[in-house]
Amino acid sequence: MEFTVRQIAAMLGGDVHGNGDATINMLAKIQDAQPGQIAFLSNPKYENFIYSTQASAVIVSRDFQPKKDVQAALILVDNPYSSFTVLLEEYHKLISYQKTGVEDPSYIGKGSEVGKNSYRGAFSYIGNNVKIGDNVKIYPHVFVGDNVVIGNNVILHPNVKLYAGTRIGNNCVLHAGAVLGSDGFGFAPQEDGTYKTIPQLGNVMIEDDVVIGANTVIDCATFYGDSTIIRKGVKLDNLIQIAHNVEVGKNTVIAAQTGISGSTKIGEHCMLAGQVGIAGHLVIANNTSVGAQAGISKSVKEEGQQLLGYPVFDIKEYFRSYAVFKRLPDLQYRLRELEKKVSQSAEVGS
Amino acid sequence: MEFTVRQIAAMLGGDVHGNGDATINMLAKIQDAQPGQIAFLSNPKYENFIYSTQASAVIVSRDFQPKKDVQAALILVDNPYSSFTVLLEEYHKLISYQKTGVEDPSYIGKGSEVGKNSYRGAFSYIGNNVKIGDNVKIYPHVFVGDNVVIGNNVILHPNVKLYAGTRIGNNCVLHAGAVLGSDGFGFAPQEDGTYKTIPQLGNVMIEDDVVIGANTVIDCATFYGDSTIIRKGVKLDNLIQIAHNVEVGKNTVIAAQTGISGSTKIGEHCMLAGQVGIAGHLVIANNTSVGAQAGISKSVKEEGQQLLGYPVFDIKEYFRSYAVFKRLPDLQYRLRELEKKVSQSAEVGS
Amino acid sequence: MEFTVRQIAAMLGGDVHGNGDATINMLAKIQDAQPGQIAFLSNPKYENFIYSTQASAVIVSRDFQPKKDVQAALILVDNPYSSFTVLLEEYHKLISYQKTGVEDPSYIGKGSEVGKNSYRGAFSYIGNNVKIGDNVKIYPHVFVGDNVVIGNNVILHPNVKLYAGTRIGNNCVLHAGAVLGSDGFGFAPQEDGTYKTIPQLGNVMIEDDVVIGANTVIDCATFYGDSTIIRKGVKLDNLIQIAHNVEVGKNTVIAAQTGISGSTKIGEHCMLAGQVGIAGHLVIANNTSVGAQAGISKSVKEEGQQLLGYPVFDIKEYFRSYAVFKRLPDLQYRLRELEKKVSQSAEVGS
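Residue numbers (the numbering used here), protein chains in the order written: chain A, 276 to 625; chain B, 276 to 625; chain C, 276 to 625.
For the record, the hints were derived by calculation from the structure and aren't laboratory data.
Errors might be hidden in some of the hints.
Which copy is meant is left open, because identical chains are indistinguishable; a pair holds if it fits in one copy or across any two.
Stated by the list, open to error - Subject to a maximum C-alpha distance of 27 angstroms in a straight line, what follows is the list of computed DSS-like cross-link-like pairs (lysine-lysine):
| no. | residue 1 | residue 2 |
| --- | --- | --- |
| 1 | Lys616 | Lys601 |
| 2 | Lys591 | Lys576 |
| 3 | Lys540 | Lys304 |
| 4 | Lys368 | Lys507 |
| 5 | Lys471 | Lys374 |
| 6 | Lys591 | Lys601 |
| 7 | Lys385 | Lys374 |
| 8 | Lys615 | Lys601 |
| 9 | Lys471 | Lys304 |
| 10 | Lys525 | Lys576 |
| 11 | Lys507 | Lys320 |
| 12 | Lys540 | Lys320 |
| 13 | Lys304 | Lys507 |
| 14 | Lys304 | Lys591 |
| 15 | Lys374 | Lys406 |
| 16 | Lys304 | Lys406 |
| 17 | Lys573 | Lys368 |
| 18 | Lys368 | Lys385 |
The following block holds chain A by itself, in its conformation from the complex (with noise of 0.2 angstroms):
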């Protein structure tokens, strides 16, 4: 993981002033550089620090002039911030995909099949029947349950848990801890005050460009061939709960300790903020906007809508009730007062 100034320009279809010969081995902070390192300069007011780094290397725009000597060898590109941007995430790939091979003990069951250049780290756990794809990352402590079907190009963290049957696409990450399958919260209420457990035999299917958080946990569904389905490109933060019979639609995003009920659909493109609460058996539009803490107790019919409170009404209403939720006890004086008065001219006119 070493490259030439000069191999780094051809990979941003950049210049190179200066030495092109320089090795870079880590991306940095302009201030904080090291030698054999690359930084980037796009903000004018981190300027000075250009001709003081001890980088080896750094990104500027093409229309730079510096105003003083520079050290490090420049690379001129139209969009400095981008092209460090395209040097991160090749970064991020080389680390995240370094790890390869089996480390020892690590447990697979009967009739389970890995793709090629997977890697399963120590004390991992695969069950039986599993189908696992090509370019997969099995991190210590996780658990595969028996029957599962997971694509190519997944990350599954340390301790990520996946109950017997779950079902993952193709470029996916789950983070630490993470908990697929576990059983749908369904009891039924018995005539002597006790509840009787309702058999969860569904399953959870996740589609392909998925990311779920830390700790983060999905029911399975209740019945069996049903599933609790996450679509494509959604994006879990941790600490989030999803019931079972849950579909959240293609391309939404929630951020940590939210919360969605049983068999309620989420749309698509929906934004969802942290330790939202979404009811059971609602249907929420596409495009849905929810701002943070707020609690969704109906269905969203109308798309687009941006919505706060307990329970959510219009966010735009909510500050402007919130305003005068703030001042009610001078609201409620002035109400008295006024009633005073009224009496009082109500009397005098008597």
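Position chains B and C against the provided structure of chain A, taking the given hints into account.
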């Protein structure tokens, strides 16, 4: 796990019309069923499916009168839905309890005993002086600390963590990542602004027939000899926080992401919805029902109330107040108009 | 772990009445204590128990005057409660730090070092180039990623997960299932409606004397070289979400299920109650106190405030407004009545 239609009919006390020798190995919905599967017909709006289903058998009501030819064998019962539920439960038991034996490598400490017909998955860990009953299923990556006691017919899903001294009754199910016995959150403020940890030396005690959701946390009691207690029949959903010295009464049901602060005692047959918060050192009366995201800061003394808001009050009154809250800007405007009028009429009158 | 009454008295600076040679192996409450155990009497309403207790010794105040015979040996001290707390702490240290050695199988990568007097439980995983100090307890199923650095006297309870590059100071306790270093939740919206993952290349840095609760998640910083920082003496409860690039100031205490969004900086000596939510990119002043379930959407600049509501304002004002909120239907009714009166009197007057 394959039965004839006749065997299933006998199990349900039903009568067979058609091929009683057909073999069944799976349950399915009538619209999806394949050969070898059994479905049910309860809701008349699904009746059309019975004439086209691929199912080998369908459970129907004794008074069902087919309008066309039915290929599937029929099992006639009094209540098709509840008969199907019986099958679901039997199936669920079969798959839940089919794992037995010990997978390698697993760890068991000194002086520990595990009853018969048990399962210990690979990478499961059992400490010293642990007593585990019969028919207990310990999935991979489960941690059972020293001196833990577990009854019969318990399922510990992957990665359940039981700190030293935890006690679990019979017929309990703990889902993946549940933590029992972590330190209560107790710190004594010091004069220099730091906090000193108050040692947490009690344990967690779970009675019979309790279900605990994935990634839920139950802290141990503070004092040696005391317990945080979950009574018989309680059902806890995922990602719940139960603090030190809490007691949850019999047959209470708590939905996901709710948090109970230290030393609070929840009554029997309560229902707490999701994301509810309850302050510490309170007593909540039996049969209390708390709506989602509500916050309780004082004890609830009267039984059978339905509560909402922060802090909570009667749920119907909450909704009435909230209806006015949404109109507060209008109320404020009307009050201002009235003030003007009254002020003018006072001027006119003067 | 057995001491004579005389040894314990010496430890506490107390005087012995009765059998100083009796041996003590456990702490207990006076009403529950058994032979071999030591209890304390502080609250006079428990005095009766001292005449019947089975305890081998009881810690009492120097001015305690028994009204009947006492079987137990007495240790006379100035403050029985605080003396007992000292014993609790000693006991706690003993049991917390008694595990040593390496259980099989456990995994340790290349170039990693573990200090003396440490414990590595079975199925614990330590990656490459990890530096771990002295007296560190690593319980089963802990994952320590590559290049992690850990100080002295640290306890990692079962299943703690430290992503690569995490740094932990001295005297820290991390509870079961805590995740440090998972990816920050950062996605760049694309023109086609999908989201592209922004690589998260920073780490998590925990200073000395920090406690982190079970299943709490702390995301890594976005930029390489940046850290999400938890300062010295911070105490975090269970199931908390700390997003990327957050900094939590010295000696701040945060209760369960609270969430802090990305890049927010929490001051020193703050107290956040449970289920609080704080938006991203804010600065919260020192000594801020936030009530349960509150939501903060703007920076808090003035120190020492007590806040509640969503969005938050002064807690006393919140309760005053909320008191009126509960009477809003009545207020609305009174306003309507007043409007009628004024309108009538206007008509009368015209």
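A quick look at each hint next to the structure:
no. : hint            : result
1   : Lys616 x Lys601 : both (25 angstroms within a copy, 25 angstroms between copies)
2   : Lys591 x Lys576 : both (18 angstroms within a copy, 25 angstroms between copies)
3   : Lys540 x Lys304 : between (43 angstroms within a copy, 20 angstroms between copies)
4   : Lys368 x Lys507 : within (20 angstroms within a copy, 34 angstroms between copies)
5   : Lys471 x Lys374 : between (46 angstroms within a copy, 23 angstroms between copies)
6   : Lys591 x Lys601 : both (16 angstroms within a copy, 11 angstroms between copies)
7   : Lys385 x Lys374 : both (24 angstroms within a copy, 14 angstroms between copies)
8   : Lys615 x Lys601 : both (24 angstroms within a copy, 22 angstroms between copies)
9   : Lys471 x Lys304 : between (58 angstroms within a copy, 22 angstroms between copies)
10  : Lys525 x Lys576 : within (17 angstroms within a copy, 40 angstroms between copies)
11  : Lys507 x Lys320 : neither (40 angstroms within a copy, 32 angstroms between copies)
12  : Lys540 x Lys320 : between (47 angstroms within a copy, 23 angstroms between copies)
13  : Lys304 x Lys507 : between (34 angstroms within a copy, 26 angstroms between copies)
14  : Lys304 x Lys591 : neither (39 angstroms within a copy, 45 angstroms between copies)
15  : Lys374 x Lys406 : both (20 angstroms within a copy, 20 angstroms between copies)
16  : Lys304 x Lys406 : between (42 angstroms within a copy, 25 angstroms between copies)
17  : Lys573 x Lys368 : neither (42 angstroms within a copy, 36 angstroms between copies)
18  : Lys368 x Lys385 : between (32 angstroms within a copy, 22 angstroms between copies)
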